[in-house]
Amino acid sequence: MANAKERQPALDVIRSLAIFCVISVHFFMNTGFYGTPVSGGRMLLMCAVRTFSMINIPLFLLLSGYLLSNQVPKRGYYRRIWRVIGTYLLACCFTLIFRAVYMKEPLRPLPILRSILNFSACPYAWYIEMYIGLFLLIPFLNLMYKAIPSRRWKQVMLISLAFMTVLPFTVNYFRLDTPGWFRNTSLPGSEWKLLPNWWYQDYPVFFFLLGCYIREYGAPLRPLSCLCMMVIFLVGGTAFSLWMSGNHSLLAENWNNTPTFFPAILSYLVFVFLLKLPWQKLPNWILWCFKWVSRLSLGTYLVSWCFDQLIYQRLKAAVPSLYGQLLYYPLVVGAVLLLSTAASWFLLQAQSLPHYVQNRKKRKNDPA
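Under my numbering, think of the first position of the sequence shown as 7, with each following residue one higher.
Source of the hints: derived by calculation from the structure; they are not laboratory data.
Please read these numbers as outputs of a predicted model, since none were measured by experiment.
Just so you know, not all the hints are guaranteed correct.
Computed Cβ-Cβ distance ranges for the label pairs, DEER-style [to be verified]:
#, residue 1, residue 2, range
1, W132, A348, 21 to 27 Å
2, L201, V241, 20 to 26 Å
3, I292, W205, 26 to 32 Å
4, A323, Y223, 48 to 54 Å
5, Y40, V78, 52 to 58 Å
6, G186, L257, 17 to 23 Å
7, V241, S126, 52 to 58 Å
Once the Cα atoms are required to be at most 27 Å apart in a straight line, the calculated DSSO-like pairs of lysine-lysine come out as [claimed, not checked]:
#, residue 1, residue 2
8, K199, K152
9, K110, K287
10, K160, K80
Where a beta carbon is used, it is the ideal one built from N, C-alpha and C, also for glycine.
Please construct the entire structure, taking both the sequences and the accompanying hints into account.
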């Protein structure tokens, strides 16, 4: 979740959409949506919303590639990781205090230290664990990428990475030896491994390098073409998920998770589409909102777990029916986003406090 020296409104919009999609996915996880029979237009619409929301992490990784494609192994680059670690540690403090006060969990020094080190203090901190490794690799990925002599061979590299990371989980769950499986995918049977999937967890590298490629060459698609293709792949991805779920209820499985075919294509199309729109024409106050949501997105993501616990518990108590809960999707997701962003702002102020104190001391010591 890097920042550019000169902020581009399109990048703030993309990052804001990414954090919205993260919180949107958690709505489906926290409401019992998965496994509920799909009946009626409301459920079909929410299945499509869930499919679209899976572009969340790919958008963040594409942004990293787009913004950090020129970084090289230098001391100044590696210092930037402390901002990420600082946000993580403050989010851990916030979450641990929430757990102690609201969930009545005991606070003991050794378990706290262990939870921070194994990234369980914040239940959503798996992203930090992944991003630290990617951050360390980025300068060397850039050197490798720039050493590839032509655009064609860079395309071959991206296709190879997609073959290794994005495609396996899309096709490796077909039960081709089960009679009638294509008509009813819920039938039991052995899954065929059509593609090797040992490298699938390296999907952050694929999306990062795809972001580098977009930064270097752009995309030939016009906004209208992007929009039409987004609709096609959104419908296709939703239909694929429902078909693989057995056409009864939507399941959350590896074949419709983030690093799979339809979310990968959708994230690319959305990224390119938003890059090409004239966001500079929007009123300044709207651009300011996108800027701050974007700037606070990492902290927002990490502390959103706390507000998930607060809000979804009350939602389920007030509206026991899932079909009724779906009506509250905009309100609930908006509330979690707003509260998490506000908490992230306070974390940012706490992170900036040492610099503020240091600058105050400097001003006092300067001669008048």
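Status of the given 48 to 54 Å range, CB of Y223 versus CB of A323: holds (52 Å)
Range agreement (Cβ of V78 with Cβ of Y40, hint 52 to 58 Å): violated (44 Å)
Hint consistency between K160 and K80 [alpha-carbon to alpha-carbon, up to 27 Å]: The hint holds at about 25 Å.
Hint check for L257 and G186 - Cβ pair distance inside 17 to 23 Å: 19 Å Cβ-Cβ, so the 17 to 23 Å window holds.
CB-CB spacing for V241 and L201 relative to the 20 to 26 Å hint: Given about 24 Å between the Cβ atoms, the range holds.
CB-CB spacing for S126 and V241 relative to the 52 to 58 Å hint: violated (38 Å)
Cβ distance range 21 to 27 Å for W132 and A348, holds or violated: Given about 24 Å between the Cβ atoms, the range holds.
Distance restraint between K110 and K287, which requires alpha-carbon spacing of 27 Å or less: Outside the cut-off at roughly 49 Å; violated.
Outcome of range test on Cβ distance (I292, W205; 26 to 32 Å): Once the Cβ atoms are compared, 41 Å apart, the range 26 to 32 Å for W205 and I292 is violated.
Straight-line alpha-carbon gap K199 to K152, limit 27 Å: Distance ~34 Å between K199 and K152 Cα, so the pair is violated.
Of the numbered hints stated above, those contradicted by the structure are hints 3, 5, 7, 8 and 9, listed in ascending order.
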